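Participant: Letter by letter, the chains look like this.
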Amino acid sequence: MPRQEIDLPHRLEYLSILDENGQVDTSLEPDIPAELLLKLHRAMVLGRRFDERMLTLQRQGRIGTFAPIKGQEASQIGAVAVLSSQDWLVPAFRETAAEIWRGKPMENVLLLFSGYNEGGQIDDALRNLPIAIPVGSQPLHAVGLGYGIKYHKKQEVVMTFFGDGATSEGDVHEALNFAGVFQVPVIFVCQNNHWAISIPRGKQTRAKTLAQKALGYGIPGMAVDGNDILAMVAAAKEAVERARSGGGPTFIEAITYRMSVHTTADDPKRYRTDEEVQEWVKRDPIVRFETYLGSKGLLTEEAAKAVDEEVRAEVKAAEERWAKRIEGPLDPITMFDGAFAELPPHLVSQREELKRELEAQKREAHHG
Amino acid sequence: MAKMTMVQALNLALRQEMAKDERVIVLGEDVGLDGGVFRVTEGLIQEFGEERVIDTPLAESGIAGMSIGMAVYGLRPVCEMQFSGFSYYALHQMEAHAARLRWRSGGRFSVPMVLRCPYGGGVRALEHHSESREIYWAHTPGLKMVIPSTPRNARALLVSAIRDPDPVVFYEPKASYRAFREEVPEEEETFPLGTSVVAREGKDVTIITYGAMLRPTLEAAEQLKEKDGIEAEVIDLLTLMPLDDALFTASARKTGRVVVVHEAPRTYGAGAELVARLVEKSFLYLEAPVKRVTGFDIVIPLYQREMEYLPGVFRIAEAVRETLRF
Ligand SMILES: Cc1ncc(C[n+]2csc(CCOP(=O)(O)OP(=O)(O)O)c2C)c(N)n1
Ligand SMILES: [Mg+2]
Numbered sequence: 001m002p003r004q005e006i007d008l009p010h011r012l013e014y015l016s017i018l019d020e021n022g023q024v025d026t027s028l029e030p031d032i033p034a035e036l037l038l039k040l041h042r043a044m045v046l047g048r049r050f051d052e053r054m055l056t057l058q059r060q061g062r063i064g065t066f067a068p069i070k071g072q073e074a075s076q077i078g079a080v081a082v083l084s085s086q087d088w089l090v091p092a093f094r095e096t097a098a099e100i101w102r103g104k105p106m107e108n109v110l111l112l113f114s115g116y117n118e119g120g121q122i123d124d125a126l127r128n129l130p131i132a133i134p135v136g137s138q139p140l141h142a143v144g145l146g147y148g149i150k151y152h153k154k155q156e157v158v159m160t161f162f163g164d165g166a167t168s169e170g171d172v173h174e175a176l177n178f179a180g181v182f183q184v185p186v187i188f189v190c191q192n193n194h195w196a197i198s199i200p201r202g203k204q205t206r207a208k209t210l211a212q213k214a215l216g217y218g219i220p221g222m223a224v225d226g227n228d229i230l231a232m233v234a235a236a237k238e239a240v241e242r243a244r245s246g247g248g249p250t251f252i253e254a255i256t257y258r259m260s261v262h263t264t265a266d267d268p269k270r271y272r273t274d275e276e277v278q279e280w281v282k283r284d285p286i287v288r289f290e291t292y293l294g295s296k297g298l299l300t301e302e303a304a305k306a307v308d309e310e311v312r313a314e315v316k317a318a319e320e321r322w323a324k325r326i327e328g329p330l331d332p333i334t335m336f337d338g339a340f341a342e343l344p345p346h347l348v349s350q351r352e353e354l355k356r357e358l359e360a361q362k363r364e365a366h367h368g
Numbered sequence: 001m002a003k004m005t006m007v008q009a010l011n012l013a014l015r016q017e018m019a020k021d022e023r024v025i026v027l028g029e030d031v032g033l034d035g036g037v038f039r040v041t042e043g044l045i046q047e048f049g050e051e052r053v054i055d056t057p058l059a060e061s062g063i064a065g066m067s068i069g070m071a072v073y074g075l076r077p078v079c080e081m082q083f084s085g086f087s088y089y090a091l092h093q094m095e096a097h098a099a100r101l102r103w104r105s106g107g108r109f110s111v112p113m114v115l116r117c118p119y120g121g122g123v124r125a126l127e128h129h130s131e132s133r134e135i136y137w138a139h140t141p142g143l144k145m146v147i148p149s150t151p152r153n154a155r156a157l158l159v160s161a162i163r164d165p166d167p168v169v170f171y172e173p174k175a176s177y178r179a180f181r182e183e184v185p186e187e188e189e190t191f192p193l194g195t196s197v198v199a200r201e202g203k204d205v206t207i208i209t210y211g212a213m214l215r216p217t218l219e220a221a222e223q224l225k226e227k228d229g230i231e232a233e234v235i236d237l238l239t240l241m242p243l244d245d246a247l248f249t250a251s252a253r254k255t256g257r258v259v260v261v262h263e264a265p266r267t268y269g270a271g272a273e274l275v276a277r278l279v280e281k282s283f284l285y286l287e288a289p290v291k292r293v294t295g296f297d298i299v300i301p302l303y304q305r306e307m308e309y310l311p312g313v314f315r316i317a318e319a320v321r322e323t324l325r326f
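Protein chains in written order, with our numbering: chain H, 1 to 368; chain P, 1 to 326.
It should be emphasised that the hints constitute simulated quantities derived from the structure, not laboratory data.
It should be emphasised that the depicted structure is a prediction, and the values quoted were computed from it without experimental measurement.
Hints may be right or wrong, so weigh each one.
Stated by the list, open to error - Quick list of simulated restraints, FRET-style, between CB atoms: (1) H:353 - P:225: 20 to 30 Å; (2) P:281 - H:60: 29 to 39 Å; (3) P:231 - H:52: 49 to 59 Å; (4) H:353 - P:19: 35 to 45 Å; (5) H:10 - P:194: 30 to 40 Å.
As the list claims (entries may be wrong) - Quick look at which bits of chain H chain P covers, simulated, 3 or more residues with Cβ under 8 Å: (6) 115-122; (7) 210-224.
Unchecked claim - Derived pair list, reagent style DSS-like, types lysine-lysine, alpha-carbon separation capped at 25 Å: (8) H:269 - H:70; (9) H:282 - H:208; (10) H:39 - H:296; (11) H:362 - P:225; (12) H:203 - H:269; (13) P:3 - H:362.
We put the beta carbon where it would ideally sit given N, CA and C, even for glycine.
With the rest of the complex left out, here is chain H (with noise of 0.2 Å):
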């Protein structure tokens, strides 16, 4: 009865191409053309001003809570550029650069976070579900949608995102084993910002890395380095290919950092130093990139000016949609909307109802 180690099918990685200083490691540098390195570079300012975009609307309370991106660029539109347009997105609350690139229009963000239903609308060429803000409950759905694309036989994979926190939920572990045994075309991305709200992750599990829980499981895991979007693309590319392939599920631990706050009600002075801040706004993904970029005689200092006033503009343009989209009376009935396909005689009643009441309303304010 030999005391002996078992050989798990899977080991784990941790993969890291550009460092800090945006020097490449050349043998693992992935072929990716120009064009999309400028693409992805483009998108990770955008997404960077629009995050500051919002949280400025936010301070002079034109919209509600959010949660900002920053620092998180590369680790999430690394991982949905390696998508087509017939893949999934199954978001959380914190990829909205991702979701950009995925063609949700930023008036629809801004007019869900200005408290409007209508931000939610996601339109019928996507494949984009919804933000989902129940930590944690949305890689099921990721599991279902690649059980449907394995049922019909279809090459489309599905990409799903969490936080270091949700992998304390249940449900986190119930779809990552659900998604082993039925061996469906699902790439789970945990983008590991070291906080969930006030928790750091060393408080979250005593385990190592969150990339070896995938191990547990059964399916392939992966620790890259979240800031490195080359690292990012490489391995969302390889998670991507064998879930086409029929080779199954990926977990992928991004390890990024959350450099501004949880959302915007969160005061993070009371639970983490600003050195620690500073330490990873070295290891900042755009600063890195554009070195890169530079580097390799493919972003001039006058380009990345040119980028930046591009986007800016571009953050304005979507502005000023949302600004349109808002002037004028609202209309409260609408409230009703998406409720059911068809409105049972009850909510009809109650949607009467509200109309009489919001009429009478009116009224009374005219003659006092």
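Dock chain P with the ligands against the given chain H, drawing on the hints supplied.
Facilitator: Relative to chain H, chain P with the ligands alone:
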């Protein structure tokens, strides 16, 4: 007496109970250093340490399930769900075990725990942060369900909930967390669970409500008096389960007219049970159909439209007038 917000009053209750009874343990997401996202547990970790104020991993089922074990062992866990909208992960543990262990073990084990949840709308929040689904809990045999309405009664009820020998789900109206202050005595105060109060006396009509809806209801009552000379009696339920039907049915017998106000969806909401009790216990005294002023049977809309969803002074006052016109 110090004037306190509800957040401060709840904090006082926790602090005093922890100081007095070392079995009391606070646990939940961000309840330690962060002091809870609403700051209800502010300062507790500094005063009582990490062993008694536990920042848990992010898992509501875990928090509730572990609390059940702690309670069985003789501790008094007071756990926080960050928002009631995320407490449903814990519903299974509460329904399957917290609510049943006493019964299942023939009285050998009990689960003296409190599950605190901020609930309700009107705070311009994101989806899942504004719901009022107290009935999930109130409908579960074996659970008590408490909803305070003011700083003072919140403090007293929380102390009583912690001392209660059975599991209590404690819904905190977040719209009232900081909306107003009330004098709260430093010395200990309790309030018996299962007891309602008359928040305003009147003879013409009874309005039954609870939680965050108490304020617009009282405002409507004031307006009705000034504009219409109507004297409305307002009953604040405070506990939904077990329900103190003696008080409101007696009031109904006095006034003959009743309006029920809650922000939760109407169908099968608390109002349905209240109307049933009225029919059972004061049917012959009713002079008009009972009116329900409630949220609609849809998901509460995002914040631009939530005030039109929630019962407000206008809706409540109109319902009372209609009831009196009948
Ligand atoms: C089930 C559930 N519980 C609690 C919350 C409140 N909450 C929102 S985000 C968050 C932390 C999430 O941490 P993580 O999964 O690491 O994602 P991150 O916010 O860092 O992107 C919490 C506790 C929630 N939305 N859902
Ligand atoms: Mg996180």
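Participant: Next step is simple, just say for each hint if it's right about the structure.
Facilitator: Verification of the hints:
no.: 1; hint: H:353 - P:225: 20 to 30 Å; in the structure: holds (26 Å)
no.: 2; hint: P:281 - H:60: 29 to 39 Å; in the structure: violated (54 Å)
no.: 3; hint: P:231 - H:52: 49 to 59 Å; in the structure: holds (56 Å)
no.: 4; hint: H:353 - P:19: 35 to 45 Å; in the structure: violated (50 Å)
no.: 5; hint: H:10 - P:194: 30 to 40 Å; in the structure: violated (56 Å)
no.: 6; hint: 115-122; in the structure: holds (count 4)
no.: 7; hint: 210-224; in the structure: violated (count 0)
no.: 8; hint: H:269 - H:70; in the structure: holds (17 Å)
no.: 9; hint: H:282 - H:208; in the structure: holds (24 Å)
no.: 10; hint: H:39 - H:296; in the structure: holds (15 Å)
no.: 11; hint: H:362 - P:225; in the structure: holds (22 Å)
no.: 12; hint: H:203 - H:269; in the structure: holds (18 Å)
no.: 13; hint: P:3 - H:362; in the structure: violated (38 Å)
Checked against the numbered hints given earlier, the structure breaks hints 2, 4, 5, 7 and 13 and satisfies all the rest.
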